[in-house]
Amino acid sequence: SPSSVVKSLINGINDLIQIGAKHFLIVNQPPIQAYPAASGLNMSDYLTKVTLEHNTNLSNSIQLLQSNYSNISFKLFDVYSLIANILMNVLTYGINSTTNCWSTPNYTVIPLCSTPNTYIYIDNYHFTTRIHQLIGGNA
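For the sequence shown, full-length UniProt numbering assigns the number 139 to the last residue and increments by one with no breaks.
Hints are computed from structural coordinates only; laboratory data are not their basis. Since the model is a prediction, treat every value here as computed from it, not as a measurement. It cannot be assumed that every hint is accurate.
[To be verified] Label pairs and their computed distance ranges (CB to CB):
{"no.": "1", "residue 1": "LEU112", "residue 2": "SER81", "range": "33 to 41 Å"}
{"no.": "2", "residue 1": "VAL90", "residue 2": "PRO111", "range": "17 to 25 Å"}
{"no.": "3", "residue 1": "GLN133", "residue 2": "GLY40", "range": "37 to 45 Å"}
{"no.": "4", "residue 1": "ASN42", "residue 2": "THR104", "range": "39 to 47 Å"}
{"no.": "5", "residue 1": "LEU52", "residue 2": "THR104", "range": "22 to 30 Å"}
[Said to hold, decoys possible] Calculated cross-link-like contacts (lysine-lysine; reagent style DSBU-like; alpha-carbon spacing at most 35 Å):
{"no.": "6", "residue 1": "LYS22", "residue 2": "LYS7"}
{"no.": "7", "residue 1": "LYS49", "residue 2": "LYS7"}
{"no.": "8", "residue 1": "LYS75", "residue 2": "LYS49"}
{"no.": "9", "residue 1": "LYS22", "residue 2": "LYS75"}
{"no.": "10", "residue 1": "LYS22", "residue 2": "LYS49"}
{"no.": "11", "residue 1": "LYS7", "residue 2": "LYS75"}
All residues carry an ideal CB built from backbone N, CA and C; glycine is no exception.
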């Protein structure tokens with residue numbers, strides 16, 4: 001469940017704090033309902049719901065951590081909004097396709113495109129280098 005995932009993340013952060021970590025960049029969940037693997041599953045509403053629940057729980061938990069540890073820096077990076085913005089404005093970002101550029105049956109890569117930098121997803125679950133550059137530039 002989203003709450004158990006967030007609880008596990010917060011436990012990990014608390015463990016890191018106990019051994020001296022002082023600066024955290026935490027990334028929320030991207031819109032998994034838009035992943036190529038999700039197309040055709042007829043689960044968009046459910047995936048949206050659990051993703052937003054996860055992100056809300058994570059944000060609230062990070063705010064609580066910040067109030068408990070004022071000497072430690074926490075930055076929550078909203079990758080959900082960034083990817084949602086890219087999906088809504090693909091041409092602005094030079095994206096020509098929101099499908100996957102590769103197929104990976106049985107862990108074998110089968111290229112489906114020659115221009116992965118114009119795709120959001122390299123395969124059914126992972127972003128292309130171009131999207132990773134945009135994430136890094138905005139984090």
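Going through the hints against the structure:
1. Hint check: LEU112 to SER81, Cβ distance near 28 Å, so the stated range 33 to 41 Å is violated.
2. A hinted range of 17 to 25 Å holds for the C-beta pair VAL90 and PRO111, which are about 21 Å apart.
3. One distance hint, 37 to 45 Å for the beta-carbon pair GLN133 and GLY40, is violated here, with the actual separation near 29 Å.
4. Take ASN42 and THR104: their Cβ atoms lie about 22 Å apart, and the range 39 to 47 Å is violated.
5. One distance hint, 22 to 30 Å for the beta-carbon pair LEU52 and THR104, holds here, with the actual separation near 28 Å.
6. For the proposed pair LYS22 and LYS7, the alpha carbon gap of about 19 Å is at most 35 Å, so the pair holds.
7. Pair hint LYS49 plus LYS7 holds up; C-alpha atoms about 18 Å apart against a cutoff of 35 Å.
8. At most 35 Å may separate the alpha-carbon atoms for a hinted pair to count; LYS75 and LYS49 meet this at roughly 23 Å.
9. Only pairs whose Cα atoms come within 35 Å are accepted, and LYS22 paired with LYS75 is accepted, the gap being roughly 11 Å.
10. Pair hint LYS22 plus LYS49 holds up; C-alpha atoms about 32 Å apart against a cutoff of 35 Å.
11. This hinted pair checks out: LYS7 and LYS75 have alpha carbons roughly 17 Å apart, not beyond 35 Å.
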